[in-house]
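Sequential numbering of the sequence shown, starting at 1, is according to our numbering.
There could be a bad hint or two in this list.
[To be verified] For lysine-lysine, the following DSBU-like pairs were computed, each having C-alpha atoms within a straight-line distance of at most 30 Å:
id : residue 1 : residue 2
1  : Lys407    : Lys141
2  : Lys426    : Lys141
3  : Lys426    : Lys376
4  : Lys314    : Lys324
5  : Lys466    : Lys514
6  : Lys407    : Lys314
7  : Lys426    : Lys314
8  : Lys1      : Lys376
9  : Lys314    : Lys119
10 : Lys426    : Lys407
11 : Lys1      : Lys407
12 : Lys258    : Lys288
13 : Lys288    : Lys141
14 : Lys407    : Lys420
15 : Lys314    : Lys141
16 : Lys1      : Lys426
17 : Lys407    : Lys376
18 : Lys1      : Lys314
19 : Lys314    : Lys114
20 : Lys553    : Lys515
In case anyone wonders, no lab produced these hints; they're calculated from the structure.
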Amino acid sequence: KLIYIDPPYNTGHDFIYDDDFAQTRAEYEAESGDFDEDGGRLVANLEGNGRFHSDWCSMMYPRLLLARDLLTNDGAIFISIDDTEERNLRNICDEVFGCDCFVANFGWQRTLTKRNDSKGVPSEIEHLIAYSKRSAWQPNKLERLAQTVDGYSSPDGDSTPWASVTLNAPGAATHQGMVYAIQHPITGELMYPPAGRCWTLGQDGMLAGMNAWADYMLEPIEDYERRCEIIGSTNGVPKTIPAIMLHDNTSDTHNAAKEVFRLGSEGIRPWPEFFFTSGGTGGMRRKKYLDPNVGRIMTNFWPSAEVGTTDQGKRQLMDLFGGKAPFDTPKPTSLMRRVLDAGTDRDSVILDFFSGSASMAHAVIQKNAEDGGSRKFILVQIPEEISGDYATLCEVGEERIRRAGAKIAAEVEQANRQLKLGEERKPVPDIGFRVLRIDSSNFRNTYAEPGEQQQASLFDFVDNLKEDRTPEDLLFQVLPAFRIPYSAHIEQFAIGGASCFNVNDGLLIACFDKKVSTDVIEQIAQMRPIYAVFRDASLVDDSAAANFEELFKTYSPDTIRRVI
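Make a model of the complete structure from these sequences and hints.
And the structure:
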């Protein structure tokens, strides 16, 4: 549903990915069939490079093509970037996503510090370029910050905040029937809309609003010339239009209306929908109530007061790691949460394939803790070597998720312990995650031409599993073959001394032990899984191999069996 990336900004000090995988046959054979995916993957892109911008664009273009394919139809991508490549990034995204799918160039106020030693104009903002999978996509609305946001308040003690809006509108010439007098409930004076304007509501609606102050009626009065003056013409103006007049225009009525105004001014009893300015003797306005279900419209300026700064992002990381930040340029989680607010629902999947210090994962856990959501994150990061206590940037991200998850879970549990009787408890968010790395196949390459085989080497291929691979490695290699996600629930259990895996409560049962007996196979068949997987070397003897199919035909004929 949402992709967020924070790629290298190409400032002349960044490393970028080198995607040239072309090899001659001699180079391939020299690597003994195993391609070293880390060799030469990161290269420096210095400002003196004649292809300074071109190399960066060549690195970004195929990744954005893939990102577009990974988005859902109602999904969007947000990309952090600075001024160096902002223009080129827009051009690439216009080609990949289409100009009509451009959402916004959000300006994030990343710092409040003005550096006097900056060359040219100091930069306070960074960009977040947003594109959608389909045109007409709109970001979600934001929660309202407080009752006074956007001019909403409650000066009369009303239970719902409101804003003051006018009761007149332009168009007197075309709405002549909505130009008439209304008698003021406190002063008794006649009120008209300003020149060229008319009342906003129809006469029935205006009469109902005034009746909340006193007893009103419709009564014709001699005000033709005044109405023509407001309309600005005599052409077609009705000779008479009933005015909204007090039924009893006396001091008792005026005093009762004053009391209504006083009670509202002191917050004792709210004013009616229509109210009066200048201590009750001025013009007439209308309450526009705040709709709690309608949030704020997102603009293209994200102030630091709402989404944090780079300094706050670094301090947040220092708090998690005992006062020492293992990564220099982390994004604040408040910025990541604004991205989540804009483009996700409570159960969305979020991808970040330049994940850095895992700020996005941290923000996802925070957001789930707030609203009880079940958002999931997928982070991708090359194991870039760094200096300090951690060998690679991946290790920093893993440790951050562990620490942030534990901290957030503890905070939720602490808040729940302080709840009063009857208050609703917040669920503790799922803070688990699984770490995977890309590697070569678990199986050795046993394919060769007959003339390439030697008699002495045939026994080397009895077991085609590489020596350093574990049963977990095998399990995760077969999961995609059955369209089972890597995030599946996995339990390890034992049957007759054999170690087995139960994936998603019986969807898949796998056993990769050696010397698996017929009894173990029989018990697995009796569990009736959808899929069952064994190693070719698992079967203890020829008898077990012969009975394998028969046991499943007897106990679970619908189970799909695989032997690898």
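Here is what the structure says about each hint:
Restraint check for lysine 407 and lysine 141: satisfied, since their Cα atoms lie roughly 29 Å apart, inside the 30 Å limit. A distance of roughly 23 Å separates the Cα atoms of lysine 426 and lysine 141; the hinted pair therefore holds under the 30 Å criterion. This hinted pair checks out: lysine 426 and lysine 376 have alpha carbons roughly 18 Å apart, not beyond 30 Å. This hinted pair checks out: lysine 314 and lysine 324 have alpha carbons roughly 9 Å apart, not beyond 30 Å.
Annotation: proposed proximity of lysine 466 to lysine 514 holds, straight-line Cα distance about 14 Å (limit 30 Å). Pair hint lysine 407 plus lysine 314 holds up; C-alpha atoms about 17 Å apart against a cutoff of 30 Å. Restraint check: the Cα-Cα separation between lysine 426 and lysine 314 comes to about 28 Å, which is no more than 30 Å; the hinted pair holds. Taking the CA atoms of lysine 1 and lysine 376, the gap is about 10 Å. The hint holds against a cut of 30 Å.
Between lysine 314 and lysine 119 the CA atoms are separated by roughly 24 Å; this keeps the pair inside 30 Å, and the hint holds. Between lysine 426 and lysine 407, the direct Cα distance comes to roughly 15 Å. Compliance with the 30 Å bound is thereby established for this hinted pair. Restraint check for lysine 1 and lysine 407: the C-alpha separation of about 27 Å stays at or below 30 Å, so the hint holds. A hinted pair counts as satisfied when its Cα atoms are at most 30 Å apart, and lysine 258 with lysine 288 qualifies at roughly 22 Å.
At most 30 Å may separate the alpha-carbon atoms for a hinted pair to count; lysine 288 and lysine 141 meet this at roughly 19 Å. Under the criterion of a C-alpha separation no larger than 30 Å, the hint pairing lysine 407 with lysine 420 is consistent with the structure, at around 23 Å. Taken as a hint, the lysine 314 and lysine 141 pair is honoured in the structure, with Cα atoms around 28 Å apart against an allowance of 30 Å. At roughly 25 Å between alpha-carbon atoms, lysine 1 and lysine 426 fall within 30 Å of each other, so this suggested pair holds.
Restraint check: the Cα-Cα separation between lysine 407 and lysine 376 comes to about 18 Å, which is no more than 30 Å; the hinted pair holds. The straight-line distance between the Cα atoms of lysine 1 and lysine 314 is roughly 28 Å, inside the 30 Å bound, and the hint therefore holds. Only pairs whose Cα atoms come within 30 Å are accepted, and lysine 314 paired with lysine 114 is accepted, the gap being roughly 18 Å. As the CA atoms of lysine 553 and lysine 515 are separated by approximately 21 Å, the hinted pair is consistent with the 30 Å bound.
Against the hints set out earlier in the document, no violation occurs for any number.
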